[in-house]
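Asks: Residue numbers (my numbering), protein chains in the order written: chain A, 664 to 1006; chain B, 7 to 557.
Calculated directly from the structure, the hints in this document are not laboratory data. Cβ atoms here follow ideal geometry from the backbone N, Cα and C, with glycine treated the same way. Heads up, some of the hints might be wrong.
To spell it out: a stretch of chain A is covered by chain B in this simulated footprint if at least three of its residues, at any positions, have a beta carbon under 8 Å from a beta carbon of chain B; those stretches are [as the list claims (entries may be wrong)]:
| # | stretch |
| --- | --- |
| 1 | 706-713 |
| 2 | 970-979 |
Far from chain B, some chain A residues (derived; all Cβ distances over 12 Å) [stated by the list, open to error]:
| # | residue |
| --- | --- |
| 3 | MET673 |
| 4 | GLY678 |
| 5 | SER1005 |
Below, simulated SDA-like cross-link-like pairs (lysine to any residue); rule was C-alpha separation at most 25 Å, straight line [stated by the list, open to error]:
| # | chain 1 | residue 1 | chain 2 | residue 2 |
| --- | --- | --- | --- | --- |
| 6 | B | LYS387 | A | TRP968 |
| 7 | A | LYS987 | B | ILE384 |
| 8 | A | LYS804 | B | LEU218 |
| 9 | A | LYS741 | B | LEU218 |
| 10 | A | LYS804 | B | ILE226 |
| 11 | B | LYS387 | A | PHE871 |
| 12 | A | LYS741 | B | MET197 |
| 13 | B | LYS225 | B | ARG148 |
| 14 | A | LYS741 | B | ASN200 |
| 15 | B | LYS225 | A | LEU807 |
| 16 | A | LYS744 | B | ASN200 |
| 17 | A | LYS804 | B | PRO203 |
| 18 | B | LYS376 | A | VAL969 |
| 19 | A | LYS744 | B | MET197 |
| 20 | B | LYS387 | A | PRO991 |
| 21 | A | LYS702 | B | ASP374 |
| 22 | B | LYS387 | A | ILE965 |
| 23 | A | LYS734 | B | GLN204 |
| 24 | B | LYS165 | B | THR245 |
| 25 | A | LYS702 | B | TYR375 |
| 26 | B | LYS165 | B | ASN112 |
| 27 | B | LYS387 | A | GLY971 |
| 28 | A | LYS702 | B | PHE321 |
| 29 | A | LYS804 | B | ILE537 |
| 30 | A | LYS702 | B | TRP314 |
| 31 | B | LYS39 | B | PRO120 |
| 32 | B | LYS376 | A | ILE707 |
| 33 | A | LYS804 | B | GLN204 |
| 34 | A | LYS730 | B | GLN204 |
| 35 | A | LYS804 | B | GLY210 |
| 36 | B | LYS387 | A | ALA815 |
| 37 | A | LYS741 | B | GLN204 |
| 38 | A | LYS804 | B | SER219 |
| 39 | A | LYS804 | B | PRO530 |
| 40 | B | LYS387 | A | THR972 |
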Amino acid sequence: MVSVENPLIMNIIRGLIGVVAVILFLSLNVLFLTWLERKVIARIHVRYGPNRAGPYGLLQPIADMIKLLTKEDIVPEKADKLVYNLAPMAAFLFALMPAAAIGIGSGLIAADIGVGVLYIAAVSSLSTMAILMAAWGSNNKYSLLGGMRTAAQSLSYEIPLVLSMIGIVAIVGSLSTQDIVAAQSQAWFGIIPKWFIFYQPLAFIVFFAAVVAEMGRIPFDLPESESELVAGFHTEYSGMKFAMFMFAEYIHFVVGSALVVTLFLGGWHLPIISPLVENMGWIKYLVQVGIFVAKMYVIIFILMWVRGTLTRTKVDHVLSFGWKGLLPLALANVVITGVILSI
Amino acid sequence: MAEEKPAKEEKVEEAQEVKHGLLDTLKSKFGEKILEAKLRRPRRLQVRIKGEDLYPVAEFLKSSGFDHLSCISGVDYEDRIEAVYHIWSYPRRELMQINAELPRENPEIASLVPLYRAADWHEREAYDMVGIIFKGHPNLKRMFLPESFKGHPLRKDFKTEPMSWYSEGEAEMWETQVDVSPPEEGETETMVLNIGPQHPSTHGVCRLVTTLSGETVVKIEPVIGYLHRGVEKIAEKRTYPQFLPLTDRMDYISSITNNLAYVLAVEELLGVKVPERAEYLRVILSELQRIANHLMFIAAFGADLGAWTVMMYGFREREMVLDLMEQVSGQRLLYNFLRIGGLKEDVPEGWVENVRNFLRVLPERLADYKTYFYNNEIFIKRCEGVGVLEPELAIELGVTGPMLRASGVARDVRKDDPYSIYDRFDFEVVTEEAGDTLARFNVRFREIFESLNIIEQALNDLPEGEVRSPEVPKVIRPPKGEAYSRIESPKGELAYYIVSDGKSPNPYRVKIRSPAFCNLSAFPHYATGEIIPDMIVNFASVDIVMGEIDR
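Pulled out of the complex, with its shape left as it was, chain A reads as follows (with noise of 0.2 Å):
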């Protein structure tokens, strides 16, 4: 018999603990998530949305869930077999991985790893890679236009994304998260939270706008623009498969809330009620893990919002608003920052 006092064995313990946390966490967000975006969006359009599965259409995930598992999975006859098998898998697990360095209470996170940011920042840019294998396993003309897009569209969001968060990791002087979201837990005089926002306004604005064409939302939701495109790179997809690619859809849009809260919402502290619960035990990680989601569905609703207000943009004025607009001003952030810092 092993000895539990065996790190490795105790990391590999903890590690699948952390695993089915996460998954499970993200699983449940994205089925109430679905629930939730269509009834808000039938709110703003003056609609009901879901009324008919269970109390307030709440079990209609589930009813959607089961449709899908139930439809015929239909494979093109002319696609790239392994490629398009592939790409879904593909794009649930990307979608997973950023999520693993992503703290909802102190020390609840799958991995509190050094470099956390930058980790985040390389595998969420992976996600382009199982929609260029949609697209382009599919041998679909309608997929392969959605597919360039997504690489055109990642290429100009990716870098203000990764420049904005320089100006914080500055001024924490780690890339771990815990240490980020433990950096903002002050406050002045006790009611002002000294979060990142109040820091790095500009590196706010310029974040949000790549977080959400990172997550290929209204207005940004080129690849996959139904008027123009039928459905973009999953266009093919049907069932179980097409499934994969909302669920991962859905868990960008957790993770990225998640990521905004983290970065400059002062993750899991709110200013009176974290000091409040700081020695009360396990009371305190409800709270924490409380206050952290509920900072997550700020964003989630105000994402919902805008969709409901914003018609989609232009492939082109993406690219030149990634460039022209977010890169400068994701680049001077960062100098001002290291001036202010170093002075």
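Got chain A sorted already, so can you dock chain B onto it with the hints?
Replies: Relative to chain A, chain B alone:
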């Protein structure tokens, strides 16, 4: 308004003088070649010629101001075939009808494409339906039917049974329609993308064969006919009243205007006068219909831009019009409410109040639209400068309606060639200068307010009385003749050309000049050279309904 009326009559007098002058000039210039020249009624001229003389006559007419080729119809008279051209003159405000007689065995005639680019699709249609060969047409292929189709269905000797027109090879039949080879001058490799017939933003079953270079559209070729139901053929087998419900199914977004154009043509043939109250109600209904159509346009336009909220808003407001229509006709989409000589029945009690209520509510609701669109930089950026259609090109391509007015040409059939009682109302012809997609959107949006204005005036003057003329006989057998009724439908100039042989209770020939058909034919001319998202917005701004295009 009151002081303008006599002035208008004077103008008509004047116009008659001019018309006679023109007919005389024609006679003196072409001599024996003009078989017949007459003034059918104010603003309606007609000449009859031999087919081979068409081109010089048309050339002369174009040089004397007849700039808008409205329609080309083919009519099979069993002893001969006639190609009938309706050419409207914007400066002179009169319509010239040219009947060109062709031999039945070999109906060949010169193509008018070099003179009027609008002739392109009209000639293809006449070739498809009646089998007239247009010499010199750049691309004489069938318009609606597959290339494998045998015969021409609107010939009088065409037999629907047995199905000799049908040929095997359904799969290839659409493929033959379009040349998909890449353009010659393209150095980069291009890709052919079939947008449609099943595609979210083709608004029905329209197929756009687009050649792309990257995302840039190099060439567009619309392929239509997927919804072709042979309405013109059916019309010949139905009595006049029986055909009325089918007109609803043309432009099903605005059925009333289709009803109206048809009954106007039949009434012209019969020489029936419609009761005053019916005329006013027709105007009110048409304008309500225009509002519904434009709201639908805004909704669909929003959907194409990814603005689903606007789509829902548009439908919500349109619902109010549908409710009003339901109150009068019992139907929500295909009203079938107009009758030859009036209306089906009077409007129910309280309806006028409901309309007034609607007039009050709608502007408040539309204020939201203004916020949504005009404060939305993304929307403005997507539409501004996209798909600019120059006014000269627009006229040459036969574009009508809001699309033409968006290019700065203030032409509206309601003003230029007033039908029904439109000359009694005071309204503005909405125009925009830019000619881009935003202008096309603006024109439609502003026209809603003009329509509200017209409805208001009509409600104020609405007289009591009959709504159906007692002159209309039980069995409608109009005397021998032709009628061409032009109206301003929400999409543009809609016209019904009806030929009666004088003995049958069925129309001898019904030809429908569909506005969306002509506007769509102009689409490839201004939408190339832009990227796909622009093309989609452009396409949406044409405001098409396939039921009307394919007929």
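Asks: Just pull the numbers of the violated hints for me, sorted ascending.
Replies: none
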